[in-house]
Every structure is written in structure tokens, then in C-alpha cells.
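2 protein chains.
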Amino acid sequence: MSHSAGPTLRSVGTRPIRPDGIDKVTGCAVFGADFNLPDALHGAVLRSPFAHARILSIDISKALALSGVKAVVTASDLPEISGEQALTNDQPPDFRDMSANILARGKVLYDGHAIAAIAAVDEETASRALQLIDVEYEVLPHVIDVQQAMEPDAPVLHENMITQGITPAPERSSNIASRYEQVHGDVELGFSQADIILTEEFTTQPVHQAYIEPHACMARVASDGQTEIWCSSQGQFMVRAYCARLLDMPLSQIRVIPLEIGGGFGGKTTVYLEPLAVLLARRSGRPVKMEMSRADVFRATGPASGSYINMKIGARKDGTLVAAQGILCYQAGAFAGSPVRLGCMTAFAPYDIANVKMIGYDVVANRPKSAAYRAPGAPMAAFAAESLIDMLAQRLAMDPIELRIKNAVRQGARSASGFNFKEIGYLETLEAARVHPHYTAPLGKNQGRGVASGYWFNMGGQSSASITLNEDGTVLVATGNPDIGGSRASMALMAAEVLGIDVGLVRPQIVDTSSIAYSDLTGGSRVTFAVGMAVTQAATEMVAELQRRAATVWNVPVEQVLWRDGCAVANIEGNNERLSLSALAARAGKTGGPVAAHVSLDAQGAGPGFGTHICDVEVDPDTGRVTVLRYTAVQDVGKAVHPSYVEGQLQGGAAQGIGWALNEAYLYDENGAQLNPGFLDYRIPVASDLPMIDTVLVEVPNPRHPFGVRGVGEVPIIPPLGAVANAVSRASGARHVDLPMCPPAVLKAMQRAARKSR
Amino acid sequence: MSHSAGPTLRSVGTRPIRPDGIDKVTGCAVFGADFNLPDALHGAVLRSPFAHARILSIDISKALALSGVKAVVTASDLPEISGEQALTNDQPPDFRDMSANILARGKVLYDGHAIAAIAAVDEETASRALQLIDVEYEVLPHVIDVQQAMEPDAPVLHENMITQGITPAPERSSNIASRYEQVHGDVELGFSQADIILTEEFTTQPVHQAYIEPHACMARVASDGQTEIWCSSQGQFMVRAYCARLLDMPLSQIRVIPLEIGGGFGGKTTVYLEPLAVLLARRSGRPVKMEMSRADVFRATGPASGSYINMKIGARKDGTLVAAQGILCYQAGAFAGSPVRLGCMTAFAPYDIANVKMIGYDVVANRPKSAAYRAPGAPMAAFAAESLIDMLAQRLAMDPIELRIKNAVRQGARSASGFNFKEIGYLETLEAARVHPHYTAPLGKNQGRGVASGYWFNMGGQSSASITLNEDGTVLVATGNPDIGGSRASMALMAAEVLGIDVGLVRPQIVDTSSIAYSDLTGGSRVTFAVGMAVTQAATEMVAELQRRAATVWNVPVEQVLWRDGCAVANIEGNNERLSLSALAARAGKTGGPVAAHVSLDAQGAGPGFGTHICDVEVDPDTGRVTVLRYTAVQDVGKAVHPSYVEGQLQGGAAQGIGWALNEAYLYDENGAQLNPGFLDYRIPVASDLPMIDTVLVEVPNPRHPFGVRGVGEVPIIPPLGAVANAVSRASGARHVDLPMCPPAVLKAMQRAARKSR
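As you go down the protein sequences, you meet chains A and B in turn.
Per this note's numbering: the first sequence = residues 1 to 758.
Per this note's numbering: the second sequence = residues 1 to 758.
Hints are computed from structural coordinates only; laboratory data are not their basis.
Fair warning: there could be bad hints in the mix.
Identical copies carry no separate label here, and so any pair may be met within one copy or between two of them.
Derived SDA-like pairs: lysine to any residue, alpha-carbon spacing no greater than 20 Å straight-line [unchecked claim]:
(1) 317 x 393
(2) 24 x 39
(3) 406 x 678
(4) 24 x 253
(5) 317 x 30
(6) 317 x 191
(7) 590 x 405
(8) 24 x 224
(9) 590 x 93
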């Protein structure tokens with residue numbers, strides 16, 4: 001399938017060399033830690049050794065007295081956050097919590113919680129100074145697990161936290177920050193109509209985004225407060241807005257210069273070090289550089305939520321789903337704000353089920369505050385839902401793809417989550433999966449094949465783009481969104497397409513917060529769609545301006561100027577004159593000045609995304625070790641602007657989902673201290689762990705975008721948990737409901753199943 | 001006088017704290033040499049010890065073999081420059097010459113001429129490597145002085161240079177690059193009608209712009225050729241265009257990030273180190289930093305041209321000027337391109353003279369290539385013209401201001417240079433000078449008072465501005481022009497004025513070549529006028545957009561929304577609703593996305609600038625030492641946007657002109673080597689040398705600019721040469737026609753005059 005709404009495309013859909021590729025593979029790209037300023041101080045953070053403790057006192061006097069120490073800050077140096085919320089999002093973060101996460105106020109809530117920050121002339125002095133800070137603690141009982149945290153007698157993290165979303169409000173505080181309920185139809189009636197009802201409990205563990213680049217930043221503050229921040233993040237405007245809010249500064253006083261980002265996956269949609277670096281720079285009068293170690297990243301930056309899910313589906317004998325219900329308990333970490341609502345909304349979104357009720361609990365515990373991770377909240381919910389559907393297929397002896405096709409939400413239908421989907425391609429992904437050679441390839445002994453699907457909203461939002469025509473006819477495309485998944489390439493391709501020129505003439509650039517209008521952060525699979533829309537509109541405006549310039553040169557009405565293949569063409573009887581882009585560029589100074597186009601918009605109508613994955617595994621019956629033999633990811637991508645990048649997104653998402661399914665987990669000792677804060681012990685899949693992941697790009701164009709683009713980055717992490725679990729369950733003959741399916745767990749589940757079947 | 005074309009202004013014309021002031025005075029601003037990158041190599045340049053020599057061979061092998069040396073380049077590494085010229089200017093520079101100035105090709109043409117550049121791991125290695133480069137020279141006879149260079153038997157610098165502008169073309173090459181002629185009326189007839197004819201010869205010396213910051217840059221080149229240049233210059237787009245041209249690169253491959261500039265005065269309108277740094281970075285694969293020493297700056301960057309001028313005026317007995325004639329010989333340095341044409345055009349521009357003939361010669365000699373310096377070409381020509389007018393006043397026993405008023409070009413009149421001036425304020429400056437207390441203050445023994453005027457075109461040109469509204473209602477104004485004279489402040493003031501908000505809410509920023517559309521360089525006194533026009537238009541567009549947003553919120557036609565004092569106001573019977581800028585900013589996301597406005601334009605109609613200066617000096621009859629006792633600069637500035645900056649421009653220009661008049665000169669030994677390449681021996685005026693310079697801002701609005709702005713930066717360097725010389729001449733009783741008027745020269749002129757009068 002391909003984009004059918006327009007003429008043949010010459011750039012969009014091709015695979016040119018990535019504009020940032022050589023820079024990155026040769027080590028030239030400047031990532032967070034690569035940026036230095038003369039005279040910069042070294043910043044360091046004192047972190048809590050306890051999972052839960054009251055801070056009785058902090059004495060910084062000895063640290064401050066150490067020669068070479070230029071500034072020390074604690075929570076008392078952060079302003080009190082007033083009640084209003086940030087202006088940039090529909091659901092802004094809680095800045096009081098964010099402030100208390102950045103520097104603990106009164107209590108430390110997890111192992112690694114920041115307590116103080118210091119700036120010194122070098123790293124050695126900084127770490128000696130950290131040891132000179134005296135903190136007096138009263139250690140409190142702690143709770144790590146989400147179910148235990150919900151117990152009535154669990155240690156309570158926030159004394160004043162009353163569960164939201166329950167009427168009447170509970171009288172005493174608990175670790176349940178909020179309850180969310182979503183109802184569609186009548187679930188009790190639905191289950192009463194079911195021939196088969198399946199109920200199961202699932203657990204998943206918090207997993208880290210595991211970006212390769214630890215957080216790093218540099219801040220410089222002039223004596224008049226003018227502040228510059230260089231950092232790697234998923235949004236320079238996010239960093240600016242959050243720092244302004246946390247430090248009570250006007251936005252105009254902060255300029256954030258984005259550096260290259262070495263992976264974010266949602267984990268860099270918030271700030272940790274930046275406000276500290278600004279505070280220290282302000283206090284010391286010198287630039288301050290801060291970098292996290294890998295251990296800091298694991299101990300103090302957001303993983304995805306862990307979850308406990310109780311889920312139930314009801315179906316008729318023919319496989320028609322009639323009811324679904326879920327209770328989702330998501331671990332927010334030390335502060336409220338898990339994506340449980342998104343889990344409730346997405347779990348059954350691919351299906352046309354008349355009666356659905358989802359209840360979500362957002363639960364705090366003594367772990368690092370969770371952060372967004374690719375399709376936040378969806379993978380664990382889909383794991384539960386897709387496992388149940390696989391169990392249903394087994395019970396009915398139906399082909400699992402057939403069962404999904406039977407219930408799949410179709411164009412125009414209302415999904416189980418209450419959405420009225422218009423142009424969507426879920427069915428097309430199922431059909432492409434069914435006919436894929438992978439799906440009918442033979443399986444050997446101890447091998448199994450799993451299938452699972454996934455849905456993600458995809459987002460639009462506020463986006464800005466500037467296109468300028470250089471004097472020599474080359475073109476610059478500037479946007480305000482860090483390139484985390486190939487947006488430089490896709491922006492250049494879309495601009496080249498509209499302008500009708502070779503993409504090699506177009507240079508994409510990511511610019512700072514003073515150099516372009518506001519843009520929402522890079523996330524939610526929104527950039528190719530929304531920023532791409534700003535770019536295509538700007539390119540269209542530039543073409544119109546170039547037509548006007550050509551009309552000026554030829555002294556004809558602009559209506560008589562066409563734009564063809566990068567040239568203005570006189571549409572006049574007997575006149576075939578052409579003016580190329582570079583000829584018009586050379587004349588810009590004489591025809592009205594520089595040619596540029598700028599668009600800021602709020603993009604609506606990001607197309608919903610669906611994917612279906614097939615996974616083959618072999619389970620070693622003696623050790624429980626799971627080997628992924630073959631993996632195919634099928635996804636409706638709308639229109640693949642740069643197909644290599646899109647395939648890379650599908651492969652990367654699948655790899656991360658496989659890691660989530662099989663290996664990744666945080667280990668804690670009895671005191672609540674993390675035992676595995678490093679890549680040696682926190683095991684993400686490496687190349688030798690995985691087969692080449694095959695991809696199938698289904699292209700059902702999104703009618704709301706000029707080239708049919710829909711977001712692609714998040715869907716591919718959703719199906720793998722279910723696909724792998726279904727494969728392992730079928731290979732091992734035991735249903736696996738707890739992640740990760742590491743060898744001991746798989747072995748245990750197989751032994752339990754064997755006992756049951758005896 | 002003040003701006004009368006509109007309502008009272010609340011921001012324009014005030015004196016807020018400079019946005020860049022604190023940064024600069026506290027040493028926080030990042031100038032060229034302050035910028036560093038990890039792993040950067042140290043670049044160094046081998047310079048010629050000879051004023052004129054053929055390069056027989058260059059052997060770089062020993063230098064390359066030195067451990068730590070990463071790259072060596074010579075002229076053979078620079079591409080041949082093709083015939084086409086740059087696209088950005090009406091009169092582009094000669095890039096072949098520029099290339100040969102950056103690295104000598106075949107011959108060295110002056111002491112300090114660059115021959116090779118090397119990049120090494122540190123400064124010591126770099127300077128050792130320079131000594132290992134073997135250059136075989138054939139030393140040639142040289143010529144330094146402009147009149148000597150014009151002699152038929154002078155050593156010829158360029159074997160193929162035939163004088164342009166002479167018909168038929170001369171048969172043999174000479175050092176005269178071109179002849180320029182400008183005729184207005186019939187000068188022979190004019191002189192025949194004159195009662196008094198005065199003829200005099202004048203000489204001025206090359207003087208350096210003497211910016212405090214030496215040239216410095218950093219270049220980084222990725223393996224795919226993508227190039228970043230950080231440098232201090234008068235135009236990031238100039239640096240980009242020139243490097244692209246010299247290195248044969250597309251503009252899209254170069255990003256120039258402007259650093260703070262520590263003075264330019266025209267001397268940073270070209271490139272010296274930047275192309276070398278790029279070549280070395282490309283060759284070595286590492287960033288390369290290059291800095292000039294002060295001696296490098298004096299030996300190898302452009303001073304203003306020295307001149308020999310033969311000038312003649314004719315007047316009636318009543319003082320009416322009837323004819324003027326000049327032969328101007330300007331020293332271009334080693335390559336053609338002095339501003340002699342501008343000297344011819346400006347010398348008599350303030351006067352209404354029916355018959356004028358000006359002839360200019362552009363002459364090369366074995367000195368560094370001249371560069372633009374504040375009102376290029378005008379000060380030396382005005383020195384001659386204003387001296388003659390003072391001599392005429394003395395001859396006629398007329399007050400020198402009265403004589404000027406009698407002949408001053410008036411609104412609508414045609415000037416001696418053939419210009420038809422519209423709204424101008426020359427007469428107003430003369431009248432303000434005449435009534436200034438300074439002009440009638442008593443003078444003591446050995447004291448004299450000089451008056452002189454000056455004219456400068458002022459320029460417009462291509463300019464871009466972006467204004468973005470932050471989420472909290474603060475505003476960013478981004479432009480593409482380095483701030484050399486307070487443009488950050490003036491842009492912020494103009495934006496605040498149009499938006500109706502406090503200037504403290506507006507943050508001006510200078511952004512890189514990827515972050516804004518093309519802008520001509522900062523020079524020609526064009527920025528406040530032309531870029532200011534882009535800023536005011538963008539602010540006006542933003543107001544219109546904010547009115548649309550308010551109309552959306554109120555659901556009324558946009559015609560019913562007014563803009564008053566930074567607020568949208570409903571112009572509806574019985575409805576007094578208001579929405580402030582910050583309220584509209586907070587709603588931007590819900591009313592259509594980010595609010596921003598961008599304007600690129602080619603500004604026309606910069607108002608001509610005129611100034612009149614009064615100078616009192618005392619001459620020590622025994623030593624010839626001149627002390628400036630009092631100095632007043634009067635100028636028509638159109639509208640002073642930030643009066644403190646405008647006064648600073650007048651004071652700075654006067655100070656530089658006084659230095660030019662009294663002390664500054666290059667000294668050469670018999671081999672053509674510079675003897676005084678440093679501030680100890682090249683003496684610019686320091687604070688203790690000068691009185692406080694008084695300023696009078698005359699405001700005759702320029703009707704082509706919304707606030708009446710005209711350029712102010714260049715005019716004030718034009719009158720001082722004549723004003724000081726006239727004062728010294730009157731104080732000493734001897735006419736001084738040779739600059740600088742250093743004590744020995746003054747003494748000599750006085751002795752000669754004494755002999756003559758005996």
C-alpha cells in the first residue's frame with residue numbers, strides 16, 4: 001500500500017544518507033557531556049543512601065569551607081512553587097513534586113534521591129566536598145512493591161496525600177494517589193452474555209528507558225540573571241519552561257541550546273540536573289557542568305512504571321468479545337503521576353467490544369519517580385489484554401490472528417476505549433501478518449509462536465518551522481525539536497518534496513529557544529506528523545513567495561507563474577521561460593529581500609497507530625532460557641517519509657519490548673537500595689541476543705497530513721510484551737503472566753504448569 | 001527637536017539598562033577567543049618577514065613530520081576562485097584577491113602576509129612547527145607610500161594589473177588599480193567665476209580600526225563536510241558567504257555562530273582566519289581554534305587607507321562656493337579596493353556647489369590590504385574639504401559656521417555630489433553648533449577653535465527579524481546582526497514600543513545563520529534603521545495576530561478588537577473586556593498555536609546623516625604638543641532610540657577621529673617592516689588624552705522609518721580630522737595639511753609658517 005492522495009513523490013519515501021549520520025558515527029556530534037566552557041565548575045549531587053528517611057538536618061558548612069568549593073545548594077535554595085500550573089500542556093506536571101524530586105524537601109523518598117548539589121573547581125574536590133556534607137536522617141520503613149504499597153498498613157510516603165478520584169474522599173492518606181475509571185457500555189451485562197470468561201493477574205516490573213547517553217548539562221548565568229543552558233533533552237522549550245517554573249524566572253531570561261541527544265525514549269521529557277546547574281552557576285558566578293553517572297541514571301531518573309493488573313474478558317463461542325474489565329495498579333515511584341490512565345485507554349483500543357470497564361490506580365512507592373517511556377502506560381496493559389486474547393484463542397482453538405480480525409476495530413467503528421476511529425489500518429496489519437511467510441513457517445520442538453497487537457494515539461501539538469533560502473539556492477530548514485528518531489532527515493525530505501528540489505540541497509537544523517517559536521517537546525510520536533506539517537506549510541508558503549518573485553522578474557501576474565520541479569515556469573502562450581530556485585535565490589536581494597517562510601501551528605489529527613507483531617521463541621526446558629528465533633513487526637505507518645528510519649523505529653521498539661519481556665528489572669536489597677544500577681547487571685538486549693527483526697510497513701495514509709504521515713515511534717514497543725509472552729507460553733505449555741520471563745521465572749512457571757496438569 | 005509623526009513614545013527614546021551590559025562588564029560575554037571545544041587544535045599562521053618577495057618554494061615536510069602537528073596548508077590548498085562574484089552585495093569583493101590575501105600565492109606583498117597555516121596539539125608545538133616551514137624567497141624592491149607607488153618607475157605589485165577606468169587602457173601594468181571620475185556642472189567655468197581660489201595638498205596616514213578584540217575563531221568540520229564556525233565578526237552571513245566562496249562550498253554546509261564582538265568599526269567585515277581554520281579542521285578531523293596576536297592584527301588586517309589629496313575650491317567674495325575640484329589618491333594596501341570613490345562622493349556632499357569635479361585613484365602598495373573603517377573613505381576627503389573651507393573663512397574673515405550655513409545643502413536641494421536630498425538636518429546641526437555655549441566660550445593663549453562638518457550616506461539593505469511570544473508573555477526578538485553599537489537595546493525598545501509593553505519584557509538575541517533568514521552585515525550605519533524596520537514590522541504583525549487571537553476568544557470580528565498599552569481591548573458597546581499580552585500568550589496553545597512574527601525585507605530610504613563638530617585645542621609652542629581642551633559633536637540622528645548609545649557613538653567616533661588627526665600612523669623600516677605593531681607604539685587616544693566629549697542630538701525624523709531613525713555610527717568620525725586641524729591651525733597660526741599632527745610635525749609646520757611670515 002502507498003500514499004495515493006497525490007502525484008508521484010520524488011523525495012518522500014526515499015532513503016537518502018542521514019544528515020546527522022556521519023557526524024554521529026564518527027564521534028563528532030556534541031552530546032550533553034561533550035560541551036564545555038572555559039572556567040566551568042564541576043557540579044555534583046549528594047544522593048540519599050536510604051529508601052525512606054526524614055531529613056533532620058543538613059550541615060553544608062564543612063563542604064563550603066573546603067578550598068575549591070564555590071557553591072552548595074539544598075532544597076531551601078529552590079523557591080516555593082506557587083499553585084498555578086505550567087502553561088504548555090493540557091496536563092502539566094506537578095512542579096511542587098518536581099522540585100522536591102530535584103532536591104529532597106524534608107524527606108528522602110528513594111535510594112538515590114538528590115539532597116544537595118555542589119559546584120567545585122574539579123571533580124575530585126567536588127566528590128570530597130560531597131562527603132563533607134553532614135545529613136542527619138531518621139530512617140523510616142519503606143515499601144518497594146506496588147501491591148504492598150497499596151496495603152492499608154504500608155509505610156506512607158506523603159503524609160498529606162489523599163487519593164483523588166474517590167467520592168467521598170478517604171479520610172486518611174495512603175500511597176494511592178488517584179483512582180481512574182473508564183466505562184464503555186455495561187460490563188456486568190456484557191459478561192452475563194459471555195460463553196467464556198477468562199480472568200488473570202499480571203505483573204510487570206519497572207524498566208528503564210536505558211538511553212545510552214546519561215543526562216548532562218551546562219549552565220551559565222550572567223550577573224543580571226540571563227541564563228543559558230546547554231543540554232541534551234527531548235525538548236529545549238520543555239527545559240526552558242520547567243526551569244523557569246522551578247526557579248521562578250521569566251522565560252525570556254533563559255535560553256536553552258539543544259545538544260545532540262543520545263536516546264531519550266520519553267526519559268528526557270523532564271529535568272533533573274538543569275535547575276541545579278542554574279542555581280549553582282548563579283551562586284558561583286561561573287558556568288557549571290553536571291553529568292550523571294550510569295548509576296545516577298538508574299537510581300534517580302524515571303523508569304517506566306511497574307504494574308499489577310487484574311484483567312478479565314468475556315467472549316461468545318464464536319470468538320466475539322462481549323466484555324472486558326481491568327484493574328490496573330501502576331507504580332508511579334516516589335511521586336504521583338504514573339500513566340495508568342493511558343494504560344486503561346489503550347489496552348482494548350484495537351477491539352470492537354461493546355462493554356468495557358477499566359479502573360486504574362496511581363500508586364507511589366520508595367522508588368525513583370517514573371517517567372515517560374515510549375507509549376507510556378500502554379505496553380503493560382497491552383501485555384495483559386493480548387495475553388488474555390491469546391488464551392481465548394487457545395481455548396477456542398482459533399487462529400490468534402483470525403480471532404483478532406474478528407474483533408478488530410474497523411474504519412468508522414467505535415473502539416472499546418470509546419474512540420471513533422476514522423482512517424485506520426489495524427485490520428491491514430493483521431492481514432499483512434497473516435500472509436507473511438513468517439506466520440506459516442514450521443516450528444520445531446520447544447518452540448512457539450506468539451502474536452500480539454498494539455495501539456497508540458499519536459499526538460500533534462504546537463510546532464514551529466522556519467525555512468530560509470540561502471543566496472546560492474540551498475535551503476535551510478530549522479525546527480525546535482531535538483532529533484531523536486530521524487526528524488532531520490524527514491523534515492528535509494518533506495521540504496524538498498514541496499519545493500521540488502533534490503534533498504541534498506536542503507540542510508535541516510535544530511535550533512535553540514531564541515531562534516524559533518515555541519514547539520512542544522519531541523515525544524508522543526508527534527514530530528514527523530506535527531512539525532512535518534509546519535515544515536510542509538512553510539515550504540508551500542515559500543513556493544508561493546517564489547512565484548511572486550518570478551512574477552516580479554517577468555512582470556506578469558502571479559497567476560501566470562507555475563511551480564514545477566524546483567522552477568518557476570511562465571504559464572504564458574509562447575513563453576517557456578523558467579527561473580530555477582537558485583536563480584531566484586540569486587535575485588532575492590533585488591526582488592524584495594531574503595526569501596524565508598515561517599509557520600507555527602497547533603497540529604490536530606495525528607493518525608492513530610496500530611501494529612501487530614509475530615514472535616518465535618525456543619524455550620530451553622532444562623534452564624528456562626528463552627531464545628528469540630524470529631521476529632516480525634507489522635505496522636500501519638501512514639506514509640514512511642524515510643523508510644529506513646521507520647524500520648529502525650519498529651526494530652528499536654521491538655528490541656526494547658523484548659528486553660522488557662525477558663530480562664529487565666530493578667533489584668533491591670532489604671533496605672530498599674538498588675542492587676543493579678548499571679548495564680552489567682541491568683540487562684538490556686544486545687545485538688547477539690536478538691535475531692534481525694523483520695519489518696512490514698503498511699501504509700494507510702492519514703488524511704489529515706499532506707503526505708499521509710502518522711506517528712510511528714511508540715506503537716512498536718507495545719506488542720512485544722504480549723507477543724513474546726504468548727510465544728513462550730505456547731512453547732512451554734505454561735501461561736506466563738509475570739515479567740520479566742527470565743530463566744528462573746520461566747522454569748518455575750513450567751514446573752507449576754506441569755504440577756497443575758498432572 | 002523630536003519625533004513628531006506619531007503619538008507619545010513610551011520606550012523609544014528612553015535609556016534602559018543595556019541588555020548586554022552586565023554580561024560585558026563582568027567578563028561573562030563570550031568573545032571570539034573565549035570559545036573553546038574539547039579536543040580543539042591550536043592553529044597558527046606563518047607570516048612573511050618581507051614587504052615584497054617572490055615565493056620560490058615552500059617546504060612543509062619538516063613541519064608535518066613534527067609530532068603533534070596535524071595539518072599544514074598553503075595557498076595550493078585553497079581552490080581556484082572562479083569568475084562569478086558573490087551574490088550578496090552590489091559591489092562584491094574580489095574573491096581572488098581575498099584568497100591570495102588569506103594565503104599568499106606566488107608572491108608576498110607585505111610584511112605579515114600569511115604564507116602557511118598549521119594546526120597542532122598546542123601553541124608551543126604550533127610555533128615550533130612554523131619555524132620548520134622552509135620558504136625560499138626572492139626579495140623584491142618594495143614601495144610603501146601612495147605617491148611613490150604611483151611613480152612610473154615604482155616596483156609593481158601585480159604584474160597583470162592594468163588601471164581600470166582609463167580609455168584607452170594603459171599598455172603596461174602599474175600600481176594604480178583604477179581611476180574614478182565624478183563631475184557635476186562645469187568645473188572650469190565655475191573656477192572662472194570665482195573671486196578666490198584656494199588650492200592645497202593634504203596627506204593622511206593609514207590608521208587601524210584598533211578594535212580591542214583581535215580576530216579569533218573556531219571551526220569544526222564533520223566528515224561529511226558539514227562545517228560550523230564560531231567567530232566574532234560584523235556579520236555571520238558575511239562569514240558564511242565569504243567562506244563558501246573561498247572554499248567552494250554550498251552555503252547550506254556552513255553554519256556560522258556569532259560570538260560577542262569586541263569592536264569592529266568596519267575592520268571585521270571580511271575574513272582572515274576563518275577559511276584557514278576550516279581548511280585545517282577539515283584536514284585534521286578536529287576542531288581548530290585560531291587567534292591573532294595584536295601584532296598580527298596590525299601587520300595583516302586592514303587599516304583605513306592613507307591618502308594624498310590635491311584639492312581646490314573657488315568662491316565669490318560673499319563666500320558663495322562656485323567650484324570645487326579634488327584629486328584623491330587612496331592607498332588600497334596590497335590589493336585593489338580602497339574607498340576612494342566614497343571619498344569623492346562625500347567630500348563636498350554637505351554643500352550646494354554648482355560645479356564639482358572629483359578624480360580618485362585606487363593605488364596598491366606593499367602594506368596590508370585596507371579594510372572598511374567607519375564611514376570608509378570619507379574622513380580624509382572631508383579633512384581636505386573642511387580645511388579648505390576653514391581657510392576660505394579665514395581669508396574672508398567670516399565666521400566658519402556662517403560660511404557653512406551660507407553654502408549648506410538644504411532640504412530638496414541638489415548637493416555638490418549630485419544627490420537630491422529630501423528630509424535632512426545639516427542646517428539644523430550648524431545652527432545648533434552656532435548657539436551652543438561652546439562656540440562662544442573665550443579662548444586663551446595658544447588656543448584655537450576649529451569647526452568641521454561631515455556627511456555619510458547611511459545604508460539600508462537586506463534584514464530579517466523574528467519575534468516570538470513566550471508562554472509567559474515575555475517576548476524574544478531575534479536578529480541576524482552582531483551587536484556592535486547597541487542594536488540589542490534598540491531592537492528591544494522598538495519592539496516594546498509597537499507591542500505597548502515594558503522593554504524589560506523583551507529579550508533581544510543575536511542568532512546564528514541557521515536560525516534566521518539572511519541579513520546583510522552590520523555596517524554602513526544600517527542596523528538600527530534597516531533591521532529596526534524588520535523588527536517594527538514584525539511587531540506590528542504580531543499585534544495583528546494577537547488581535548485575531550483575542551477576537552477568537554471573544555468570538556467577535558477582529559475589527560472590533562483594538563490594541564492599547566499591550567492589551568487587546570474589545571471595542572464593543574458596553575463591553576470593556578481586555579486581554580493582556582501575557583493572558584493571550586497563556587492561551588496561544590488553545591487559539592491556534594505559538595504566536596510569532598517574522599519579517600525579511602530590503603530596507604530602502606536610510607536617511608542621510610550630517611554632523612558638525614567644534615574642537616578647542618591648545619598648542620604648546622615649544623614642543624608642538626596638542627591638547628584637546630573641549631569637544632562638542634552635534635549630529636542629526638533622526639530619532640535616538642536609546643540616546644545613551646547614540647551619544648556613545650558620537651563620542652566614540654570623535655575619539656577615533658581625534659586619534660587619526662593627532663597621533664595614529666604606521667611606522668616602517670627601510671625594508672618595509674612595520675615598526676609599531678602594538679598599542680604601546682601605535683598610539684590611540686586613551687581616556688586621559690581627551691576631555692569629556694559633549695554631544696548634541698538633533699532629531700530631524702527620517703520619514704522612511706516608523707520612528708524617524710537614521711544611521712548614526714559613521715558620521716561622527718568624519719568631522720574630527722578637519723575640526724582638530726582647523727583648531728590647531730588657528731591656535732598655531734600655521735595651516736596643518738599633513739596628518740597625524742604629532743608634536744614634531746606641528747612644530748615643523750609652525751616653524752615653516754614663521755619663516756614664511758617673516
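### Message
With identical chains, the pair residue 24 and residue 253 could be close in the same copy or across copies; at 20 Å between alpha carbons, which is it: within, between, both, or neither?
### Response
between (31 Å within a copy, 16 Å between copies)
### Query
Within a copy, between copies, both or neither: where do residue 317 and residue 393 come within 20 Å Cα-Cα?
within (11 Å within a copy, 116 Å between copies)
### Message
Reference check for the pair residue 317 and residue 191, CA-CA at most 20 Å: within, between, both, or neither?
### Response
within (13 Å within a copy, 117 Å between copies)
### Query
Are the CA atoms of residue 590 and residue 93 at most 20 Å apart within a copy, between copies, both, or neither?
Result: close only across copies, 18 Å inter versus 50 Å intra.
#### Entry: residue 590 and residue 405: within-copy, between-copy, both or neither at 20 Å Cα
For residue 590 and residue 405, neither the intra-copy (62 Å) nor the inter-copy (38 Å) Cα distance is at most 20 Å.
#### Entry: Alpha-carbon proximity between residue 24 and residue 39, which holds within one copy, between copies, both or neither at 20 Å
Classified as between; 16 Å across copies, 27 Å inside a copy.
### Query
Taking 20 Å as the upper bound on the Cα-Cα distance, should residue 317 and residue 30 be classified as within, between, both, or neither?
neither (59 Å within a copy, 74 Å between copies)
### Task
Indicate which option fits the pair residue 406, residue 678 if close means a Cα-Cα distance not exceeding 20 Å: within, between, both or neither.
The answer is neither: 44 Å in one copy and 87 Å across copies each exceed 20 Å.
### Task
Measure nothing new, just compare the shortest in-copy and cross-copy C-alpha distances for residue 24 and residue 224 to 20 Å and report within, between, both or neither.
between (36 Å within a copy, 11 Å between copies)
Violation of the numbered hints given earlier is confined to hints 3, 5, 7; the remaining hints are satisfied by the structure.
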